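Each protein sequence line maps, in turn, to chains Y and W.
Note that the UniProt record's numbering has the first sequence beginning at 1, numbered continuously upward.
Note that the UniProt record's numbering has the second sequence beginning at 1, numbered continuously upward.
Just to be clear, a hint being listed does not mean it is correct.
What the hints assert, rightly or not - Only pairs whose alpha carbons sit at most 27 Å apart, straight line, appear in this in silico BS3-like list of lysine-lysine: (1) Y:K483 / Y:K440; (2) Y:K440 / W:K87; (3) W:K87 / Y:K43; (4) Y:K171 / Y:K254; (5) W:K12 / W:K87; (6) Y:K483 / W:K12; (7) Y:K43 / Y:K171; (8) Y:K254 / Y:K43; (9) W:K87 / Y:K483; (10) Y:K483 / Y:K254.
Unchecked claim - Reference excerpt, derived from the structure (chain W facing chain Y, CB under 10 Å, subset only): (11) R19; (12) L21; (13) G23; (14) T25; (15) Q61; (16) R62; (17) G64; (18) G67; (19) P81; (20) V82; (21) T83; (22) E86; (23) R89; (24) P93; (25) V95; (26) E98.
Unchecked claim - Chain Y is faced by these chain W residues, among others (derived, beta-carbon under 7 Å): (27) N18; (28) D22; (29) R24; (30) V66; (31) V84; (32) I88; (33) T94.
Think of the hints as simulated: they come from the structure by calculation, not from any bench.
As the structure is a computational prediction, the values presented were derived from the model and not from experiment.
For every residue, glycine included, the Cβ atom is placed at its ideal position computed from N, Cα and C.
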Amino acid sequence: MSIPVGHYQYDRIDRDFLQARIAEFEGQVQRRLDGTLSEDEFKPLRLMNGLYLQLHAYMLRVAIPYGILDSRQLRKLGEIARRYDRDYGHFTTRQNIQFNWIRLEDTPAILRELAEVDMHAIQTSGNCIRNVTADEYAGAAADELVDPRVHAEILRQWSTLHPEFTFLPRKFKIAISGSPNDRVAARFHDIGILARPGEDGAPVFRIFVGGGLGRTPVIGEELFDSVREEHLLATLEAILRVYNAHGRRDNIYKARIKILVQAIGVEAYREAVEAELAQMDLERYRLTPEAVAAIRSRFAVPLLEAPADADAVLAQQRREDPLFDRWVRSNTHVHRDPGHIIATISLKPAGGIPGDATSAQIARLADLADAYSFGEIRITHLQNVVLGHVRKDRLRDLWLGLSEVGLAEANIGLIGDIVACPGLDYCALANARSIPIAQKLGARFADTALQAEIGALRINISGCINACGHHHAGHIGLLGVDKRGEEFFQLTVGGRAENGAAIGTILGAALPEDETVDAIARLVDCYLGRRESGETFLDTLTRLGHEPFREAAYETV
Amino acid sequence: MKRPVRLEPGQKLVLTANRLLDGRTVWWCADGAWDLHIGRAALLDADEAEAVLARVAGEAQRDGVVGVYDTAVQAAVPPEPVTVREKIRAHGPTVHPEFAVETEQ
Ligand code: SF4
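Excised from the complex, chain W in its bound form (with noise of 0.2 Å):
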């Protein structure tokens, strides 16, 4: 797992899993909805995501996902991570284009 050790200016931290049922990467909303667009994550600041995190991961079996954990994202619209890594689970595999998570509903 790559979690910078701090976060800079303008970086807030997301939480991301994958979809037991098909290992979709999704992101976690305000409303506690698990959404494959990164656009609607809830972004958290690094003093509130430790216990948000602590809580979410305890109800990943209820809604449906694996291996819940934070991560940087710059705080703009839509966030973008900061890790070539998590940019690439955001927005699908960079050798398909036409699998852009973007064009999906």
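With the rest of the complex left out, here is chain Y (with noise of 0.2 Å):
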């Protein structure tokens, strides 16, 4: 088997490991269903290895190790989609997939399958470090530097099955990127990661720490400025070690290292890591330039060959499809290579399910990949697919491809792009229903002309408070809350995810859901009406600030 093109190349012991897991699991869930094991003592069991209980059957949340896959193993989630599921997979906000329909007796099988294309579900839930994310556009943007998906594949090797942090308070969640342009939402996250190169040419890192969503939004604070690479997993080591330390375990809500953070200071936190490092052995951590080039070794590099009218065939083709023209402008990014062009395809149609795909779609997708990009795809956190590698003079053939699947949609950044949680049509923590009401703003948006005139504007949906649709990071976010039972939302703007991280600011009181979607269109009638020349949505909103649009939500009510 050739090495695949984006992510690690298990080895022997990874299989060992994953075979061994998956005995384990086998044996639990015999266990469970004999009665031996009661509900309580199996929970924390299968969670460890994804599989949640929801309204209507068990959940397997399978990771995507920094949201990278291969064709192989894409195809493989979509024959688990169609053999063990109601045919198709939800894509998350944490660059994993998730199945809603699984039996409980048939999940050894699947990880059995899973295994076969070196895939888990380990750790993608419980109070451990869970699947690190990265830059959707690792190791192909222009504007990158530095690949962060080696030292993503090195920190997942590091947190797998960490002895010490298996049992932290509370999830905790990492995310690494090597572009000046924030696309992993790093100061929203447990531990934030931002690469550059050194004076000496290897990589330094930007650590932030105490960032998250959730009950209690806060952004990351810069815990250092420049870790060096043979000291980054001592550093966070003793990062983890003060949290596993001194986090709160008496108080679910109040456990995450951000309260932590918030609580002492992050000098103090500082301190309390600079000293965990002064009594560790430095050289035990110590990331050698052997051991990062070992790891390296098995990714293979895209050999990136394009015809040198590559641009000229690209351009010429833009000119003559307005369609497919419209298509580039939202859907695509700068590739490094000239003859190059990094492709988001989105799972947003209008009127659809975020992040949704059956397994006729999945299926498609990988053969897209094989057909235009080395074979490699990545989920986005914003729960959408990029195509790495796409020669430009090819671009339009994927487009036609992609066409014939229900995936051409225009709409990349734009507020038909809706990022959505589950809700309350599957979670069982939900107060109301997220997917509805994405499916009627993408309804009443469902004209890409109309979504390229109102520009860059993203809302992002939450069920519940835990915020799993980040709607505090949301251009426009909306929150489910539960008033005796019946769907009401919380509407917030201003939040941003990227460069100049915010949290968005509440407009007032929670609206019911059948005004919801009406209050959102009169939000940005307000924002069509009174921007200024070149303006987006958050530019407006800085300019005048939140009265206008709050009139212009409450008007009616």
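Got two chains here, each in a separate frame; can you build the complex from them with the hints?
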């Protein structure tokens, strides 16, 4: 088997470990079914293997490390959707995939199938270090300084079954990027890492701690500006040790690292980390150039060759086909190689379910990845799919192929590109349904010309305060609340996850579900009516303040 | 768990859980069986529900169900849960009409 482009190639140790883990879980399932284990005993065991019990069925969350898959893996996910689920999967804001209709007794077989393609569901739940997320344009974007995937893989290996960090006070999320343009919401993570080249050529890492969304949204604070590569693991280890020792375990809502950092202050946290580092055996944690090179050697590098006229061919095709041109405008990003381009495939069809893909679409995506992007696929934290290395002169063929399976929506970064959690249609913790609001908004703003006219505008929807839909970070955010068993939505404006991260401000009292879409349409009208030339929604909001938007939203209430 | 403080006129309680094997939402019937359809659920008065719930929850492992609790319904035919959450559990996700529980045997 050749080494995959874009992600780490498992070795025998990785594979043996997965098989042992599946055998262990199979025994646990068996003991649950025969009653040897009670539900209370079994629950933490199944969660450690990504298996939740939701409203209608078990849900299995499969890890996609740093969001990158090869076509063989994606095909397998499509097969699992078809054979064990109801013919679709849901891509999440953590770059994972969830299957909503799983049978407990099928789970060991599913995990075996996943292991055939070097995949698993470990640490997608529980109070441990979760799947590490990374820039969806890693290794491809022209604006990238350091490809973060090798270090993301090092973090994956370091955090997998880490004996000290398997029972943290709460879940722990790490994101890493190597671009000056933050595409991973670094400051909304427990640890956010931004890599850049150091003076000697080896990367250095800027580390933020204590960011997060949920009940208490907090923007992460800088802990260190320039951690050298050799000290990356020691530093992370020390940060986690301080959290593990001092994070609260008495109150689930106060157990995340952000609460600890807020409580003692970032200076005191830094001192505690430095004190920990001073008494650690740093040699043991030293990340040597040889170790990094060994991991790097298990990633294949795509051979980027394009004809000299690739750019001209694309320009000509855009002139000839306005629909294609619109898609290129919204759904592509500049590649580091002039003959290539990055294509983002929207999983947000107008009126559709954000992040869902049928098994047929998944299989087709795998074929298209083979044909156009070295068999490599990325899942974004905004619930879309990226093909990272498409030759410019072949982009239109890709777009035509996507059109055949309903995946050519031209709305990335626009109002139709809505992020929504599963909400009350599936989730046992939900207060309100996220998906129907997303569908209604998607249908309301279905016209892609109108979306282009509105410009950059992100809507994020969460069905409860856990904020899986990242509503605090949406330019417009919606939070579902439960008022005596009925669904209401609280609106926020002005959040952003990119550079200049900000938490959205609540506009006013929560609105009944059936008034929410109209209120958002009035917000958008307010912006369109009052924006000045060249302004985005956030620009106009910043210039005018919230009041005109609040008035527009509550006009008829 | 969302439970109204007290029952309004015309409301009763039903017992619900998830099936151990496949996680599906099920409703407790008067003959002791668990059924996918809320239409077959036993309707309980508030004063009897507590004792029935304790007994049925104690038999959950034998019956192959998880997380037994009670929830209020309008005592119509078929009974209709009071909260949106339980309506969705009873009928299936609103975004997939093709998965409506009513269409299943
Ligand atoms: S935000 Fe709440 S409703 Fe949405 S998926 Fe997360 S826990 Fe469930």
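So, against the hints stated earlier in the document, which numbers end up violated here? Per hint list: zero violations.
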